[in-house]
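*Asks:* Let's have the full structure, built from the sequences with the hints guiding it.
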Amino acid sequence: MKICHLSVLFVACAGLVFAQTPLLLRSTPPAPEEVLQALEALGLPPEFTATFSAALLSGFATGRATTTVSLLLLQDLVKLPRDQVLECLEVIRYALSQGFIVDTGLAGSSMMNEARKFLALGRSGEEIVSVLRARLGFLLATRSVLVRSGLISPPVMDPQVPATSADRVVLELAWAVGDFILWEGGSPGDPRFLGYVQDRLNRLSALGVCPMEAGKIASALTPAMLAEIVQLAFQPERR
Amino acid sequence: MPAEELELIQRSLNGDLEAWGEIVCRYKEAVFAVTLSILRNYADAEDATQDAFIRAYENLRKYDLSRKFSTWLFTVAANIAKNALRKRRRERDPPLPEMDGDPAEEVHTDLRLAAVRAAVAALPEAYRAPVVLYYWHGLSMEEIGQVLGLPVGTVKTRLHRARALIRAKLVEQGVIQDAVG
Amino acid sequence: MRWDEVDELLRAALQKEVAEGVKRLEGLEERVIQELARRPARESLWQRIREFLTRPTPRWALVGAMAALLLGFALGRLTSPSPIPQWSPNLFVIAAPGARSVAVVGDFSAWQPLPMSDPDGDGIWTASIPLPPGRYEYAFLVDGKWIGQDPLAEEYLRTFGEYVSVRYVGGSRENLSS
Numbered sequence: 001m002k003i004c005h006l007s008v009l010f011v012a013c014a015g016l017v018f019a020q021t022p023l024l025l026r027s028t029p030p031a032p033e034e035v036l037q038a039l040e041a042l043g044l045p046p047e048f049t050a051t052f053s054a055a056l057l058s059g060f061a062t063g064r065a066t067t068t069v070s071l072l073l074l075q076d077l078v079k080l081p082r083d084q085v086l087e088c089l090e091v092i093r094y095a096l097s098q099g100f101i102v103d104t105g106l107a108g109s110s111m112m113n114e115a116r117k118f119l120a121l122g123r124s125g126e127e128i129v130s131v132l133r134a135r136l137g138f139l140l141a142t143r144s145v146l147v148r149s150g151l152i153s154p155p156v157m158d159p160q161v162p163a164t165s166a167d168r169v170v171l172e173l174a175w176a177v178g179d180f181i182l183w184e185g186g187s188p189g190d191p192r193f194l195g196y197v198q199d200r201l202n203r204l205s206a207l208g209v210c211p212m213e214a215g216k217i218a219s220a221l222t223p224a225m226l227a228e229i230v231q232l233a234f235q236p237e238r239r
Numbered sequence: 001m002p003a004e005e006l007e008l009i010q011r012s013l014n015g016d017l018e019a020w021g022e023i024v025c026r027y028k029e030a031v032f033a034v035t036l037s038i039l040r041n042y043a044d045a046e047d048a049t050q051d052a053f054i055r056a057y058e059n060l061r062k063y064d065l066s067r068k069f070s071t072w073l074f075t076v077a078a079n080i081a082k083n084a085l086r087k088r089r090r091e092r093d094p095p096l097p098e099m100d101g102d103p104a105e106e107v108h109t110d111l112r113l114a115a116v117r118a119a120v121a122a123l124p125e126a127y128r129a130p131v132v133l134y135y136w137h138g139l140s141m142e143e144i145g146q147v148l149g150l151p152v153g154t155v156k157t158r159l160h161r162a163r164a165l166i167r168a169k170l171v172e173q174g175v176i177q178d179a180v181g
Numbered sequence: 001m002r003w004d005e006v007d008e009l010l011r012a013a014l015q016k017e018v019a020e021g022v023k024r025l026e027g028l029e030e031r032v033i034q035e036l037a038r039r040p041a042r043e044s045l046w047q048r049i050r051e052f053l054t055r056p057t058p059r060w061a062l063v064g065a066m067a068a069l070l071l072g073f074a075l076g077r078l079t080s081p082s083p084i085p086q087w088s089p090n091l092f093v094i095a096a097p098g099a100r101s102v103a104v105v106g107d108f109s110a111w112q113p114l115p116m117s118d119p120d121g122d123g124i125w126t127a128s129i130p131l132p133p134g135r136y137e138y139a140f141l142v143d144g145k146w147i148g149q150d151p152l153a154e155e156y157l158r159t160f161g162e163y164v165s166v167r168y169v170g171g172s173r174e175n176l177s178s
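Chains as they are written, first to last, in the working numbering: chain A, 1 to 239; chain B, 1 to 181; chain C, 1 to 178.
These are calculated hints, taken from the structure and not from any lab test. For clarity, every value in this text was computed on a predicted model and none was experimentally measured. A hint or two may mislead.
[What the hints assert, rightly or not] Taking lysine-lysine and the DSSO-like style, the derived pairs with C-alpha atoms no more than 27 Å apart in a straight line are:
hint, chain 1, residue 1, chain 2, residue 2
1, B, 87, A, 79
2, C, 16, B, 82
3, B, 82, C, 23
4, C, 23, B, 87
5, A, 79, B, 82
6, B, 82, B, 68
7, B, 169, C, 16
8, B, 87, B, 62
9, C, 145, A, 79
10, C, 16, B, 62
11, B, 62, B, 82
12, B, 62, A, 79
13, C, 145, B, 68
*Replies:* So, in structure tokens, the structure goes:
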């Protein structure tokens, strides 16, 4: 009788290997159509699906999102209750509509990859939504403070315009600020805050991930500007 | 973790229910404070506290000994209470009985504490548990984040806002004077 | 009035609130013990698997084979690594003697597990992953358990009580694309 169960294991292993083969051989990113099919499969309201599809396609075309991470995220979101899937995607859609980079592919952290990380960690949809909202708050606040300080030009609010180097600086600065406040247990008045953020931007700039002006922006930052970013991130009415 | 407590946990892991009873004795009040902060009802909090200890025992193998035991236990309790709250909402229970004691009695005991309790009870639901974990349990922001599954920044924001709301309420009622500290 | 007084009032009020309800907890220890003693002993997953393998029936074997095939496909889809851009290689190493499976997850895999290997069986598991320059968050999965602190990492972040490691890769000024 035990032979029967050895066969179970054998067939399972064969299934595993066979099922992996097509993806292992895949050397190109998924096509946008495949991503849209995964979105359709979530069974969200048709109006939302249409709006999100349009935002995503613009994101792919302008360098603000990638098909690889988008596909994986959409496939993974089935784990969450439908309401929370909608909330997650609405935050991402809104960020794209405001011209923010939501996905840097398989290099670096961004909204989509962070959502994937927390799904891998088994966190709840509620937690993932709250983190995405906080990240959106940091993105909006960072751009607002940098524009007001004259360090970057006001954004062109057109989702068809390709992502600029300033968009990448905003992303990385907002991410560093968010990491410090959300995960390092830091506060806006923390004396380590400025050094933490400057170090991150300088390193990314040296690696070529961030444009050269990131270094200049890093040296122009002040503790007051960082404190203002945090304040604005949690007080949307003042942005 | 104190060696004695570690021994109790290891004995519990081996099926010694008496050892687990000792853990219940040590932590029941603290766990009750967690469930009460979420459920706002003594009877429901009592049930949730019992369920929390049963669930924690059944899942004791999942407890990572390198973590603080109380934080893990409070996380289990908070999840049980949150589920009970959702269930209660689904079943559309009648309004919860008022938790405050006899108002007349409180006039004689401590009007100010009664006002603070009323102000805590009036807080938005999401703010109450962080307040109790901070002021009653004395947990750090990070531990509160772990227990409630929230980012530290969110915990800080909620505590800050909760304190501001309570202060405003107390000023409005003349319990404290309007001065910035 | 200083903030401190509000804090003190809050602490005292909450203590009073809990204290008023605490008499309900008398005898809770016995109630918990009785309830646990009443419940049937729970078998561990391993015990159940062992029992299944040692007392099989052909019908369930067939059902199991079908389920396992489907599971195999599902796992295969979930665990298949994504294409990694061909830049400089980067080595991930973890000591996990006795582990049955070890994987690395990170920004570079969109947090899908990439299997690591230990060909000589010395408990040192490695994976060489070509990575473009950048800052990467990652962690290891040892028999499914999240290990977030790599001694070789440059930084750690603590998110929701779990650590992730961070390393910076590269130094050239090649532009990144994804």
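*Asks:* Hints first: check each against the structure and report whether it holds.
*Replies:* Taking the hints in turn, this is what the structure says about them:
Distance restraint check for residue 87/B and residue 79/A: the Cα-Cα separation of roughly 21 Å lies within the 27 Å cut-off, and the hinted pair is therefore satisfied. Simply put, residue 16/C and residue 82/B have alpha-carbon atoms about 23 Å apart, close enough for the 27 Å limit, and the pair holds. The suggested pairing of residue 82/B with residue 23/C holds, with an alpha-carbon distance near 23 Å, which does not exceed 27 Å. Only pairs whose Cα atoms come within 27 Å are accepted, and residue 23/C paired with residue 87/B is accepted, the gap being roughly 26 Å.
Restraint check: the Cα-Cα separation between residue 79/A and residue 82/B comes to about 20 Å, which is no more than 27 Å; the hinted pair holds. For the proposed pair residue 82/B and residue 68/B, the alpha carbon gap of about 21 Å is at most 27 Å, so the pair holds. Taking the CA atoms of residue 169/B and residue 16/C, the gap is near 19 Å; set against the 27 Å cutoff, the hint holds. Taking the CA atoms of residue 87/B and residue 62/B, the gap is near 25 Å; set against the 27 Å cutoff, the hint holds.
This hinted pair checks out: residue 145/C and residue 79/A have alpha carbons roughly 20 Å apart, not beyond 27 Å. As the CA atoms of residue 16/C and residue 62/B are separated by approximately 34 Å, the hinted pair breaks the 27 Å bound. Restraint check for residue 62/B and residue 82/B: the C-alpha separation of about 20 Å stays at or below 27 Å, so the hint holds. Distance check on the hinted pair: residue 62/B and residue 79/A sit about 22 Å apart at the alpha-carbon level, within 27 Å; holds.
The straight-line distance between the Cα atoms of residue 145/C and residue 68/B is roughly 18 Å, inside the 27 Å bound, and the hint therefore holds.
The structure shown violates just one earlier hint, number 10.
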